[in-house]
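*Asks:* Chain order of the listed sequences is A and B. Residues in the first sequence are numbered from 1 upward in steps of one, following the working numbering. Residues in the second sequence are numbered from 1 upward in steps of one, following the working numbering.
Simulated from the structure, these hints should not be mistaken for laboratory data. Even for Gly, the Cβ is constructed at its ideal location relative to N, Cα and C. Only true hints are included.
DEER-style ranges, computed between Cβ atoms:
{"#": "1", "chain 1": "A", "residue 1": "E138", "chain 2": "B", "residue 2": "D44", "range": "42 to 52 Å"}
{"#": "2", "chain 1": "B", "residue 1": "K50", "chain 2": "A", "residue 2": "G143", "range": "30 to 40 Å"}
{"#": "3", "chain 1": "A", "residue 1": "A181", "chain 2": "B", "residue 2": "G391", "range": "19 to 29 Å"}
{"#": "4", "chain 1": "A", "residue 1": "P147", "chain 2": "B", "residue 2": "K437", "range": "32 to 42 Å"}
{"#": "5", "chain 1": "B", "residue 1": "T255", "chain 2": "A", "residue 2": "P147", "range": "51 to 61 Å"}
{"#": "6", "chain 1": "B", "residue 1": "G76", "chain 2": "A", "residue 2": "G118", "range": "42 to 52 Å"}
{"#": "7", "chain 1": "A", "residue 1": "M191", "chain 2": "B", "residue 2": "K438", "range": "50 to 60 Å"}
{"#": "8", "chain 1": "A", "residue 1": "G143", "chain 2": "B", "residue 2": "Q218", "range": "48 to 58 Å"}
{"#": "9", "chain 1": "A", "residue 1": "M191", "chain 2": "B", "residue 2": "V163", "range": "24 to 34 Å"}
{"#": "10", "chain 1": "B", "residue 1": "P56", "chain 2": "A", "residue 2": "M191", "range": "21 to 31 Å"}
{"#": "11", "chain 1": "A", "residue 1": "A115", "chain 2": "B", "residue 2": "G391", "range": "24 to 34 Å"}
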Amino acid sequence: MSDVMMQRREVLRRVAWMLGGAVSAPAALAILQGCSARDPAVSATAFKPKFLTAPSQMDIVTEVAEIIIPKTDTSGAKDAGVPAFIDSVLADVYPKDAQERFAVGLGGFAAAAAAASGKPFLEQDPAQRIAFVKQSLETALEGERNPKPFILMARELTLLGFFTSRVGITENMEYVAVPTAYHGCVPLSQMKKHVYWE
Amino acid sequence: METNSFDAIVVGSGMSGGWAAKELTEKGLKTLVLERGRMVRHPDYPTATKDPWDLPYGNRITQETRHRKPVQTRTGYPTPANQHWFVDDLDNPYVEEQPFDWLRGYHVGGRSLMWARQSYRFGPLDFEANAKEGVGIPWPVTYDEIAPWYDKAEIFAGISGSVEGLYQLPDGKYLPPHDLNCVEVDFKKRLDEKLGRKLIIGRCANLTAPLTHNESPQRGTCQARNMCIRGCPFGGYFSSVSSTLPSAERTGNMTLMANQIVYELIYDADKGKATGVRVLDAETGKQTDYFAKIVFLCASALGSAYIMLNSTSSRFPNGFGNDSGELGHNIMDHNKPGNSNASVEGYLDVAYTGRRPNGFYIPRYRNVGKDKRDYLRGFGYQGRAARAGFGRFNDSAVIGEDLKKEFLEAGPWNVSMTAFGEILPYHDNHARLDRDKKDKYGLPQLVINAVVRENERKMEQDMKNDAAEMLEAAGYKNVTVKSDAYNVGNSIHESGTARMGTDPKKSVLNKFNQVHACKNVFVTDGSFMPSFGCQNPSLTYMAFTARAADHAVSELKKGNL
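Go ahead and model the full structure; you've got the sequences and the hints to work with.
*Replies:* As structure tokens, then:
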């Protein structure tokens with residue numbers, strides 16, 4: 001492990017400890033507002049969030065989702081409408097405590113990203129952002145996962161939104177609305193896609 | 001008054017009510033069917049044809065729904081695809097003296113629209129257990145007496161399954177069985193070899209082939225969509241809406257009314273008979289009396305007990321037909337203390353196509369034959385093997401293009417299964433009315449107090465240990481046995497509140513589901529069960545309802561009612 005990675009990890013740990021449930025949502029918003037630079041490509045979208053309304057919140061979540069499921073030769077998170085999905089689930093499905101944990105965690109994530117590289121997350125180059133998301137995920141998987149840290153919530157929401165979207169399903173799975181029959185043992189070689197939607 | 005008079009009144013339009021309606025109307029009785037919830041007609045099911053991306057929030061329940069339906073949603077059953085079938089708890093309150101999951105579907109079809117369709121016979125072992133062990137009261141009916149009615153129910157409903165020759169789980173009249181998938185076949189073989197235990201395909205009310213009769217032209221075969229709980233526009237599974245109610249409708253003898261809350265039986269002390277029912281219109285609050293020669297209560301075990309407890313008179317000061325003091329007591333369900341799962345290595349080059357609305361079943365083997373345990377009765381397992389979906393990424397750090405690539409290769413196989421254990425009848429497990437607590441209609445609330453006790457707790461040890469033993473014996477990895485808090489009611493099999501028996505001092509109903517003390521009232525939902533087996537009960541309600549209706553019409557013709 002390189003020294004730089006060690007440092008990032010240490011910064012993340014400190015921020016996580018510092019935030020550790022004691023920081024309120026408004027405090028997290030303040031942290032976010034401290035790094036409000038926007039990626040013009042992202043803020044050009046017309047979508048009006050219901051929950052992720054503070055500056056940068058929607059943009060950071062959008063970038064994180066796209067890093068988790070990027071556009072390649074098939075659609076990515078943005079194509080599938082995942083950012084709007086995440087906002088709506090946060091607004092309407094999540095209970096208050098989980099909403100607050102997400103907002104606080106998002107603030108912590110942004111602060112840690114800035115602390116680790118000296119630049120706000122949205123101003124980092126793509127490789128830096130990807131490395132930071134990956135690093136955050138690895139750290140989170142090693143640590144306490146109940147309640148879920150921000151990055152795990154963000155990934156769970158990204159996967160849920162993507163794999164329940166039309167493009168996410170139809171491009172990655174065999175989706176048959178009316179299968180007509182069940183066959184219990186089919187060689188993958190005979191299937192159109194290896195994953196059958198169920 | 002003329003227009004309010006019928007030959008028969010059926011209260012409830014679900015599993016039992018639909019059968020009562022069909023049998024009574026087919027035998028020529030002008031029958032009024034009263035349903036407390038809204039109208040549902042086949043094939044109008046609002047979410048049935050929605051694609052997954054048309055369901056909001058990835059099919060997750062909103063806080064708003066959680067607020068309206070706190071009991072229903074705490075169980076995890078409702079989703080945006082099916083939540084319209086689950087009752088609004090704020091409008092339909094009850095009192096939980098002990099935690100009790102009362103899952104309800106107030107609409108035409110009731111829970112027959114929402115059920116899991118598992119359809120097993122109770123066998124001689126079940127019908128004889130109470131008498132042999134001195135538990136509760138003996139069943140007044142033998143397996144041989146009910147067997148022809150099981151035949152009738154299975155043939156009409158269309159039950160798929162395999163013939164196995166098991167004493168503890170009698171075979172029935174089946175449509176072709178579903179396939180076990182490749183890993184389930186492997187599991188079956190290993191269980192048989194290593195432990196001598198049986199694994200069979202579930203027996204379920206889905207049409208794997210056309211019905212063997214032509215009484216249900218509105219029904220087609222199962223299309224393997226596995227969206228049954230939304231209601232099936234193909235009529236691929238049995239519900240009263242797709243099956244029994246259309247049969248009743250075709251006779252021209254049925255009047256079906258929705259939004260009619262039956263809250264009381266009308267008793268004529270001089271005649272010694274019930275003359276009808278009192279009804280509140282759920283939308284207008286208007287009160288109406290309806291009259292008939294016979295009344296079938298099919299409002300669910302707690303619903304029917306509620307109506308009877310609320311029907312007091314000088315003859316029945318403690319509730320209708322409650323000379324025994326057992327009305328509302330002996331609540332049973334199936335104990336379900338947790339799910340077990342394991343991961344399976346191999347089989348990576350095979351999968352399945354179509355969505356099977358069914359799983360495997362491991363029939364009861366405890367306290368069967370020579371097996372003797374330190375508790376009474378037994379349990380069965382329901383489960384399935386499947387390839388893991390995107391949830392498998394929760395434990396990995398893979399993201400980006402790697403994640404997309406990995407997803408395209410189907411996930412590893414896993415097996416999961418859940419034990420359903422018999423709960424004994426205990427007088428103390430009961431429901432009663434609290435006349436000081438009213439709902440929005442001004443009707444008293446039901447108070448429910450039921451818990452599992454020593455026998456169930458002892459059995460739980462086997463339910464968990466045996467699951468681990470079987471998954472390990474099969475050579476599967478990462479065996480996990482969960483201990484979930486189980487609230488009575490959570491298996492949605494509540495029953496026993498007006499048990500049948502030969503002795504009127506100890507039971508509410510006789511062997512034909514007639515109230516001992518008032519023979520023109522029949523109760524044919526789960527209320528009548530004196531013991532509960534570990535099998536899913538709906539098929540048994542169908543069989544007993546058909547038999548009771550046959551008896552009712554024959555007695556009516558003889559002038560005995």
